Amino acid sequence: MSSRGKALSIVAAHDPAEVGNTVDTLLGRARSTAAVVVAAGNGGDTALGTVLLSRLDTIHGRGLSGRLLYSTPDTDPARFHPPVGRTAGPETRSTRVPLGSMLIVDERAALVQAGRRAHSDSMVVIEDPAAVRTLALLQADVWACAIRLTDGAPTGHLRSYATLRVLECLRAGYIDDVAARELRVSLRTYRRHVAEIMKKLGATSRFHAGVRAVELGLLSPEE
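Residue numbers (our numbering): 1 to 223.
Treat the hints as calculated values from the structure; they're not laboratory data.
All of these numbers come straight from a predicted model, not from anything done at the bench.
Using N, Cα and C, we set each Cβ at its ideal position, and we do this for glycine too.
Heads up, a few of these hints could be off.
Derived DEER-like restraints, expressed as beta-carbon distance ranges [said to hold, decoys possible]:
| hint | residue 1 | residue 2 | range |
| --- | --- | --- | --- |
| 1 | D128 | R188 | 52 to 58 angstroms |
| 2 | P98 | T50 | 14 to 20 angstroms |
| 3 | A195 | D15 | 44 to 50 angstroms |
| 4 | H208 | S122 | 37 to 43 angstroms |
| 5 | S32 | A114 | 25 to 31 angstroms |
| 6 | P16 | T134 | 50 to 56 angstroms |
| 7 | V211 | R181 | 22 to 28 angstroms |
| 8 | V214 | A114 | 29 to 35 angstroms |
| 9 | V211 | S160 | 18 to 24 angstroms |
Based on the sequences and whatever the hints tell you, model everything.
Structure (structure tokens):
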């Protein structure tokens with residue numbers, strides 16, 4: 001990694017070896033966390049994203065607390081199919097928020113794609129604490145609203161008619177008995193559907209599930 005000791009340094013994106021060495025250096029210094037963002041979709045595949053995906057086993061093997069976020073502005077997050085499959089590794093989510101590929105370690109250093117173009121000419125290593133902290137907060141905010149993926153596969157088809165009807169009941173605030181009657185299913189079946197949907201959305205409450213459904217475009221915002 002060039003210009004070591006400076007708050008900012010430039011990495012040539014067209015040199016896979018330099019990109020790989022920089023990623024390995026940052027991961028080698030990581031003590032606890034590694035947050036990865038990979039720009040995916042139309043024109044989003046990057047040299048940095050490719051290298052980061054190839055280092056997921058390293059993150060898992062070193063026992064780091066990792067998270068992998070796919071930025072898929074051209075794809076419905078609920079239907080996004082990650083390009084790699086894994087049996088173990090960081091928790092994975094997908095978002096429509098447009099982000100460039102990046103790696104943040106311990107909230108102390110970051111490697112960021114300079115622009116979201118697939119053939120961006122350079123990347124930037126950031127070691128300024130305030131700047132890295134800002135990036136980490138941005139990534140955390142987007143992560144909180146992203147859809148959870150399991151084992152590199154979509155968590156389910158959230159746009160089915162039955163699922164949308166349940167989400168509408170949750171947003172309307174119906175109690176379980178009323179919602180079950182409205183949908184003409186047993187109370188037990190309704191509650192099972194609710195539990196499955198909340199898990200897929202990564203929701204912490206029924207109200208949160210309704211909010212997440214609007215954020216993901218599954219339900220239209222109420223007037």
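Here is what the structure says about each hint:
1. D128 x R188: 52 to 58 angstroms: Given about 55 angstroms between the Cβ atoms, the range holds.
2. P98 x T50: 14 to 20 angstroms: holds (19 angstroms)
3. A195 x D15: 44 to 50 angstroms: Once the Cβ atoms are compared, 49 angstroms apart, the range 44 to 50 angstroms for D15 and A195 holds.
4. H208 x S122: 37 to 43 angstroms: 40 angstroms Cβ-Cβ, so the 37 to 43 angstroms window holds.
5. S32 x A114: 25 to 31 angstroms: With Cβ atoms ~27 angstroms apart, the hint holds.
6. P16 x T134: 50 to 56 angstroms: violated (28 angstroms)
7. V211 x R181: 22 to 28 angstroms: About 24 angstroms separates the Cβ atoms of V211 and R181, which means 22 to 28 angstroms holds.
8. V214 x A114: 29 to 35 angstroms: Once the Cβ atoms are compared, 33 angstroms apart, the range 29 to 35 angstroms for A114 and V214 holds.
9. V211 x S160: 18 to 24 angstroms: Holds, at about 20 angstroms.
The structure fails to meet hint 6 from the earlier list, while all remaining hints are met.
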